[in-house]
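Student: Listed here are the chains, written in short residue letters.
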Amino acid sequence: MKKIIAVCACPAGIAHTYMAAENLENYAKKNGYDIKVETNGSSGVENRLNENDITAADYVIIAADTKVEMERFKGKLLLETSVSTAVRKVDDIFKKIENNELKEY
Amino acid sequence: MISVKLIDEKLIKVNIELNNKKEVIKEFSNLLSINDRISNKELFEKDVIERESELSTSMGYGIAIPHTQSESVSETSLVFLKLSEAIDWDNDKVQMVLGIAVPYSKREEKHLKILSALARKLMNEEFREGLLNVTLPSEAMQYLSFLNLEIE
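For the protein sequence lines, the chains are A and B, in the order given.
Under my numbering, read the first sequence as residues 20 to 124, first letter to last.
Under my numbering, read the second sequence as residues 6 to 157, first letter to last.
Simulated from the structure, these hints should not be mistaken for laboratory data.
A couple of the hints might just be wrong.
What the hints assert, rightly or not - Derived lysine-lysine pairs resembling PhoX-like cross-links, with alpha carbons at most 25 Å apart:
id: 1; chain 1: A; residue 1: K86; chain 2: A; residue 2: K108
id: 2; chain 1: B; residue 1: K46; chain 2: B; residue 2: K31
id: 3; chain 1: A; residue 1: K49; chain 2: A; residue 2: K95
id: 4; chain 1: A; residue 1: K49; chain 2: A; residue 2: K22
id: 5; chain 1: B; residue 1: K118; chain 2: B; residue 2: K27
id: 6; chain 1: A; residue 1: K122; chain 2: A; residue 2: K21
id: 7; chain 1: A; residue 1: K49; chain 2: B; residue 2: K126
id: 8; chain 1: B; residue 1: K126; chain 2: B; residue 2: K87
id: 9; chain 1: A; residue 1: K86; chain 2: A; residue 2: K115
id: 10; chain 1: B; residue 1: K126; chain 2: A; residue 2: K48
id: 11; chain 1: B; residue 1: K118; chain 2: A; residue 2: K55
id: 12; chain 1: B; residue 1: K10; chain 2: B; residue 2: K31
id: 13; chain 1: B; residue 1: K10; chain 2: A; residue 2: K108
id: 14; chain 1: A; residue 1: K93; chain 2: A; residue 2: K49
id: 15; chain 1: B; residue 1: K118; chain 2: A; residue 2: K48
id: 16; chain 1: B; residue 1: K31; chain 2: B; residue 2: K15
id: 17; chain 1: B; residue 1: K126; chain 2: A; residue 2: K55
id: 18; chain 1: A; residue 1: K114; chain 2: A; residue 2: K49
id: 19; chain 1: A; residue 1: K93; chain 2: A; residue 2: K122
id: 20; chain 1: B; residue 1: K98; chain 2: A; residue 2: K108
id: 21; chain 1: A; residue 1: K21; chain 2: A; residue 2: K108
id: 22; chain 1: A; residue 1: K49; chain 2: A; residue 2: K86
id: 23; chain 1: B; residue 1: K46; chain 2: B; residue 2: K10
id: 24; chain 1: A; residue 1: K86; chain 2: B; residue 2: K118
Predicted model, so just to flag it, every value in this text is computed and none were measured.
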């Protein structure tokens, strides 16, 4: 099973972040991916990605409208998008994964 | 200690006729004001609009979640407005509005957790459909009261 890790973050961090996380998790599970989503919201960082998660990941999705610690993803296949894309058009994100459109970071 | 619930029936309006985003924000602020959950309507509205201008809170799915963490807010509150007809909200059609007000001074972990639980719940189609079909505030409470339980 391919493993995805993701980070969701938005400026206020009250709602979009969690909607995006929920959507990514649901879509991934339905379509046979393993996924772990870190949320950078107003209650801080939850479900933080650790080194093992990052090493094991096949793909990285950054769905954020604010700054995210990026250095840790060096060398990974990565897609940067907005948090609202993860809320509204989650299938577009997965299409890019399936079409191998992710670039090495 | 008196515990104020996040939402109650007085903070819910079902099939209310509002014509645009501005009227929705006014109603959001009115409901909070008459229920003593905000201290300054003008400041509250200004903060909501300012937040809205950073990034629209229309989420797709016919839902908008205007929210602010503002000095004008005295009690963390959730307002639910189901409009009689969908309105334009930054080029989206919106019929359900879940307005969230959080006091500026106390960023209460618990409340924020609850709001994130709501955000996640809104991604569930059955939940959205159910909420869209309510005809009474008491029915809407059946969908939203789980948020109160977690506060205690």
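Student: Straight-line Cα separation of A/K93 and A/K122 no greater than 25 Å?
Tutor: holds, 11 Å
Student: What's the verdict on B/K31 and B/K15, does the C-alpha distance respect the 25 Å limit or exceed it?
Tutor: Status holds; Cα separation ~16 Å.
Student: Given the hinted pair B/K118 and B/K27, is their Cα-Cα distance within 25 Å?
Tutor: violated, 28 Å
Student: Does the alpha-carbon distance linking B/K118 and A/K48 stay inside the 25 Å limit?
Tutor: Holds, because 23 Å separates the two Cα atoms, which is no more than 25 Å.
Student: Do the alpha carbons of A/K49 and A/K22 lie within 25 Å of each other, as the hint requires?
Tutor: Holds - the C-alpha atoms of A/K22 and A/K49 are around 14 Å apart, at most 25 Å.
Student: Verify the proposed pairing of B/K10 with A/K108, using a straight-line Cα cut of 25 Å.
Tutor: At roughly 34 Å apart (the allowed maximum being 25 Å), A/K108 and B/K10 break the hint.
Student: Are the Cα positions of B/K126 and A/K48 separated by 25 Å at most?
Tutor: Roughly 16 Å between the alpha carbons, so the hint for B/K126 and A/K48 holds.
Student: Is B/K46 close enough to B/K10, meaning Cα to Cα at most 25 Å?
Tutor: holds, 20 Å
Student: Run the distance test for B/K98 versus A/K108: straight-line Cα separation, threshold 25 Å.
Tutor: holds, 16 Å
Student: Is the hinted pair B/K126 and A/K55 satisfied, with a Cα-Cα distance of at most 25 Å?
Tutor: holds, 18 Å
Student: A/K86 and A/K115: Cα distance at most 25 Å?
Tutor: Holds, at about 22 Å.
Student: Does B/K31 lie within 25 Å of B/K46 when you go C-alpha to C-alpha?
Tutor: Distance of about 9 Å is within 25 Å: holds.
Figure legend: structure checked against the earlier numbered hints; hints not met, in rising order: 5, 13, 14 and 22.
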